[in-house]
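Below, each chain spelled out in residue letters.
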Amino acid sequence: MKLWNIALRNIFRNGRRSVLSVLAVAVAAMSITLLFALVEGIKEDVRHNAWNYESGEVRLRNSQFDRYEYLNPVHYVLPNYEAVLQELESMPEVAALSPRINVNAAAFRGERRILARGIAVDLERERSYQDLDALVVSGRLPESGRAEALLGSRLARELGVEVGDSATFLTQTRVRGSNAFTVDVVGLASFPVALLDRAAFIMPLDVAAGYLRMGDAVSEILIKADGRSGDALAERLNAELAPRHDSEQYLGGQLQASSWTELSAGYRFLRIADVVYSVIALFFFLLAGTVIINTTMMTVHERTQEIGTLGSMGMRGRELVRLFFTEAAYLGFAGSLFGVLLGVAVAVPLGRVGIDFGAAMEMVEMDISTVLYPVLNFRSTVWVFLYSFVVAVLASFPPAVRAARLRPVDALRG
Amino acid sequence: MISAQVVHKTYIDGETQVHALRGIDLNIGEAEFLAIAGPSGSGKSTLLNIIGCIDTPDSGEVQIDGELVTGRKTRDLVEIRRAKIGFVFQNFNLIPVLTAYENVAMSLALLGLREAEIRERSMTMLAEVGLQGMEDRRPSRLSGGQQQRVAVARALVKEPLIVLADEPTANLDSETGEDVLKLMLELNSRLGTTFVFSTHDQMVMEYARRLCLLHDGLIVSDEHRSA
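From first to last, the protein sequence lines stand for chains W and P.
Okay, so the first sequence: first residue is 181 according to the numbering used here, each after it adds one.
Okay, so the second sequence: first residue is 310 according to the numbering used here, each after it adds one.
Be careful, since some hints might not be right.
To be verified - Computed from the model, here is a short list of chain W residues facing chain P with C-beta under 8 Å: (1) R193; (2) Q485; (3) S492; (4) P588; (5) V589.
The hints are simulated quantities; they were obtained by calculation from the structure and are not laboratory data.
All C-beta atoms in this analysis are idealised placements derived from N, C-alpha and C, irrespective of residue type, glycine included.
Construct the complete structure from the given sequences, taking the supplied hints into account.
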């Protein structure tokens, strides 16, 4: 008669209680699976948004720009950017490049001033950097050489324009003069981030360069790395590329590469969130663990005489502990497996349709999309399973040890 | 074979200190069929528990098979119980999730014997106690008498030096109780295993080949009878 067999039968002695224990572990495992999938989804989302709209994986800028960013120093640019692009293209770890001009602009509707943020991109080159077509909800993308723009849907509403209308923006040129320009609205975009949707528009780089008197310069170059991490690439660029560029051209600054991990507020937030969610997960598991402790304590209490009998027959303390451990292991295994499977069953469809946080995300000052798609990470899902299983088993340890320490003579009295 | 010398035991029951044993001297030989009788609180169960190594005396010495067991570590006592002592309880104390066969086999499994040997010896012992064909029944599907037979088989299957039976007939009707007693007597004669009972059942006392009467923790009478 094997212990595992006795343990298996024992868990069916009080089926209802065993089911409740399994459910407690399952609920914890399911919640954490979902929570981790959501966190993974947010991470993926923040990374995607930061790489496409904020910082790239690595961002090249004039170091003076970052220093005086609060003054909107549009004159601190990357001059002769085509040469920089050529150098970057020769590097194997550079996967895609996006030279950009940031067009900080304002539009007026009656008395109202509406702030907007133009992202001027090389539309041909941008295709290899991101899928701009996926943003378009009506109309089309602007074309190079034409004064056209793709407006965020909310921005278009704010401005009261539709596809086919035109919009006029006031901006500042590289030489810090003011300039107004008018673009045809050729399409509307649905940016994933609410803040972008109500402020951003995309326009051709060459057209923006003309309006902002940029000459051969751009505001920044965003880079996606191939294989290597952004941090390593930024380090290499600062060590090798930056010294080759004349500081005078940079108005006293220099070419500076920064990794998204140091630039993205979302990334920093997620690093904190990771710890917070792990603590939440721990609490969930401890909660489920208390149910197992309770179950094992009740089992020990109910089976005290039986423990005495086994002790009098010569069952060793460690064998008794193993018996209760095995029972908890069955409950923990069933609960963890059931919970993780349930979590996966919920996370997979949610990963397809997404969870619309809509209004809740409107005022979030981070690159987090309004619709979030949970992403199941195999490693973290396996960890959730193992973690909940181990916590459930360990939770049975104190009452099991207590049972093993009972003197048979006392246990037999019940 | 078993020797208890000047054994004292006091325990606390609520707020009362109970002197359960007050210097017991008892020697038990091979193949004895001994009943320890006395009124409730006379110390008979305490004496049985001490002989069975599930309780320890406050003072005095107990030897089993020439081996001093008093003062030994808990894990040593477990090994002694495992190999040398069988228990039969008033409430049978069978493991409810195990079948009759498994309850018996459990004793041998704890000794680490091979599966084939466990099977052979358990089946033989169940047949000895008259439970052939009922091996796969769980305790809930056995009568009280049958359950006590399983308990006897469980105690005897490992061929212990001694079987300690605490009020083995208390939960059985007189007819079934007598059947169980006859069975134990027969096994005692045939296998030579020592049986020690604690009881206040007159029938058990009548069947006993030796009767010790306890009163207030002292042996007041020790009567040997012929078979």
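Quick rundown of the hints versus the structure:
1. R193: 6 Å, holds
2. Q485: 6 Å, holds
3. S492: Cβ of S492 (chain W) sits 5 Å from chain P, so the hint holds.
4. P588: Status holds, d = 4 Å.
5. V589: 4 Å, holds
In the structure shown, no violation is registered for any of the earlier numbered hints.
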